[in-house]
Amino acid sequence: MHYSALSLVKQALTGNRGWTRAWRNPEPKKHYDVIIIGGGGHGLATAYYLARLHGITNVAVLEKGYIGGGNTGKNTTIVRSNYMLNPNSQFYEHSMKLWEGLSQDLNYNVMFSQRGILNLVHTDAQRDASARRGNAMRLNGVDAVMHDLEGVKKLMPHLDFSKNTRFPIQGGLAQPRGGTARHDAVAWGYARAADKLGVDIIQKCEVTAIKRKGDRIIGVETSRGFIGAGQLGVAVAGNSSRVFDMVGMKLPIESHVLQAFVTEGIKPLVDTVCTFGAGHFYISQSDKGGLVFGGDLDGYNTYAQRGNLPTFNHVVAGGVTMMPCLARLRILRQWGGVMDMSMDGTPIISKTPVDNLYMNGGWCYGGFKATPGSGWVFAHTIAYDKPHELNREFTLERFREGNILDEKGAGASPKAH
Amino acid sequence: MLRIECPWCGVRNEDEFSYGGDATVERPADEASSDDWYDYVYTRSNPAGKHSEYWQHLNGCRGWIIVERNTMTHEIYSTAIASPSLPPGTKEA
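The listed protein sequences correspond, in order, to chains A and B.
Be aware that the first sequence starts at 25, since it is given in the numbering used here, and climbs by one per residue.
Be aware that the second sequence starts at 70, since it is given in the numbering used here, and climbs by one per residue.
Keep in mind that the hints were calculated from the coordinates and are not lab data.
Since we're looking at a predicted model, the values are computed, not measured.
Hints are supplied without guarantee of correctness; some may be wrong.
As the list claims (entries may be wrong) - Partner residues are not named here, just some residues of chain B that face chain A (Cβ under 10 Å, in silico):
1) Met70
2) Asn82
3) Asp84
4) Tyr88
5) Gly90
6) Asp91
7) Asp108
8) Thr112
9) Ser114
10) Pro116
11) Arg138
12) Thr140
13) Thr142
14) His143
Just so it is clear, CB atoms sit at the ideal spot from N, CA and C, and this is done for glycine as well.
Start from the sequences, fold in the hints, and give me the full structure.
Written out as structure tokens, the structure reads:
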């Protein structure tokens, strides 16, 4: 069913009884040309672009829970492409361009809102670093605006601008095309669009083993039996190490938990995405009115989708320092997502030492904004058995070769990125 | 809140400690192959379950300890002094 203003009116006049399932619930076939493990945004987007752009429609997405129930449903929905290193800048900007046409492309409203993102700066050194990053962005054709204090006051009037605060605000670097999107709608939109092109989305189907014959993968054992695969793509975020352990591969990844929070709904207060530069804190306001915010990782290996109190205290302290009026609000919900923290802070979208096995992971806490671009280049990598120009440097081998992409310059310490 | 038992100071809250990562990786010899060095610097077993890891009692005695913890449940099985020259339970004068 095509969604349009006309279909809305038609359904409204007939009591909304004509809406049909957005995607099928098929039984797994015996064999697929391509199997994608992981029914999050990245896996679903990969399946969609395989079918849409490369004509590969005999595809299954296997999801152990329900689609979008992992990190796609557990993030702060921020979309941006404000990176400095060329490979990152170009990849995330490609993703941004896909976001800009995504609702039309999928015929599904992903509520992409380009309300802008503002990164505050508090010191001279930070201002210089931000200006440098802004210039690098502009050289890559990405929009960037450096604001002085007056500019920041216009964008975010409720911040603590006093001279006596611990970290006085000097200005900020903005990307006006950044913003937020509706996270669930991204998973649902890709699922519906992929399903329409013939992709089987199989939920409650956990992969328990990967079967090999010589150097090649022949299929996967699942909780719903063996399923044969011509090619196997893995897009399982925080569980990448566990899945690749099935083929005896150790990854340059640690799994960590990142918490996020949402307050009770209030009237419009924050109409951009804003990040604190003196601590790790970022905030935006959802369309329902809740303030959505997050901060640092809890900082130790974990697969538990929940965080602990010290980090919560730390995040809230940063938030209240930046924006004192937050102290009056009550927090409604809190959640934790398991992040696949790579050793250089940059994702891995790559072929692997196994011929027909492909990896999409190491997203750290930047996976949501990358969803369209990630699926787009991963589909290309699988379809042509070689990376696209945009993910050519996101290899698994870059660590061994010394070609790391360390945006933050933090070294091989996953919790520091 | 993790409650970690420092072998020197007793049970303390996690925010007195700083995390030091996987305690099973061993520094190779200087002349070891680049593959060994790659494994040491970059790859981790990253298990879902029992994990042996370094913590430093930063806001306490500043000693390094090894904690065995479950990464799914946060259950802590054991803690020990990290320095091989100081076996657990010994106290220096």
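Could you tell me which of the numbered hints above are not met by this structure, giving the numbers in increasing order? Of the numbered hints given earlier, the structure breaks none, since each of them holds.
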